[in-house]
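**Q** Make the full structure from the sequences, and use the hints.
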Amino acid sequence: MEHNSFKLHLVHLLCLLLLCPLVSCQLNYKFYDYTCPNLTKIVRSGVWSAMTNDSRMAASLLRLHFHDCFVNGCDGSLLLDGGEKNAFPNRNSTRGFEVIDDIKANLERACPATVSCTDILTLAAREAVYLSGGPYWFLPLGRRDGLTASESDANEQLPGFSEPLENITAKFTSKGLELKDVVVLSGAHTIGFAQCFTFKSRLFDFGGSGEPDPLLDTSLLTSLQSTCPNQDDSDTKLAPLDSASSSKFDNLYYKLLLNNSGLLQSDQALMGDNTTASLVLNYSKFPYLFSKDFGASMVKMANIGVLTGQNGEIRKNCRLVN
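Numbering (mature numbering (1 follows the signal peptide of the UniProt record, and there is no 0)), first residue to last: -25 to -1, 1 to 297.
None of these hints come from the bench; they were simulated from the model. For glycine and all other residues, C-beta sits at the position ideal for the given N, C-alpha and C. Check each hint, because a few of them may be wrong.
Under the rule of at most 25 Å between Cα atoms (straight-line distance), these lysine-lysine pairs were calculated in the DSS-like manner [as the list claims (entries may be wrong)]: (1) K146 to K60; (2) K291 to K5; (3) K267 to K146; (4) K155 to K230; (5) K260 to K275; (6) K155 to K267; (7) K223 to K16; (8) K16 to K260; (9) K230 to K260.
Label pairs and their in silico Cβ distance ranges [as the list claims (entries may be wrong)]: (10) L190 to N257: 15 to 23 Å; (11) G247 to G183: 46 to 54 Å; (12) S176 to N28: 18 to 26 Å; (13) S184 to N297: 51 to 59 Å.
**A** Written out as structure tokens, the structure reads:
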């Protein structure tokens, strides 16, 4: 009996190693069940309060999580002062840091030196989507916080708003994600806003032609030219990424792409490839499919380069290493 038991244990261990990467196996759905049982409730309360005061906050928290994970993995490095915060894709555009600070402070009172800033951000992004009417997904926890943050790495690794689809896809695949994840995670643009400078070239001088982007829907073009006139002082004005429902997490983003009404060049580029265009069409038709796949892709993204065990630390202050 003991021999058979040992064999079963060995088979189970081998299955674990084959079915999931070693790091993600170290994350656990019950990681804080005993050490911080009210974790989800505290995070949700903090996100809800922030969203009540600022309708843009859900999108901001989701973007924070994405920009953190895409630079050397999900390690809370974007939350550190300096470093990644100063990179071009983050400077004067990433927001929501004070929300994470407030949640961290409440958790330090409830369960001191227990919950990492990385896990807080990961959970906050999920709650932001869920409270905006989007899907809910289960997350294994146990991520630890990184000790460094690199401005140059953020400039190199984050996808750009005007990059070709080929370049963006390469950045996703370098993180262990797939082409499907590019389309699914782009659906996060169903909420939030973009500054005029990120798409203004499409309105007045697309590709140096002196003309607007010919693919852009004419009614949307007229509206955007009014919001973002061809002047430098309009660069930081905001336009909704999803002109149909910018505060509700739904699948209308994909319907806009079918109508040539994607705001960013990188969004509309999804219609220029047969594979990605087919996925866009499916997600525009089947909201449940989008919700299911979005949750799955968010779990994959939240596992990029995580620190577990004795690696990294549990920060006391999300802005500073201990």
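**Q** Which numbered hints does this structure break?
**A** 8, 11 and 12
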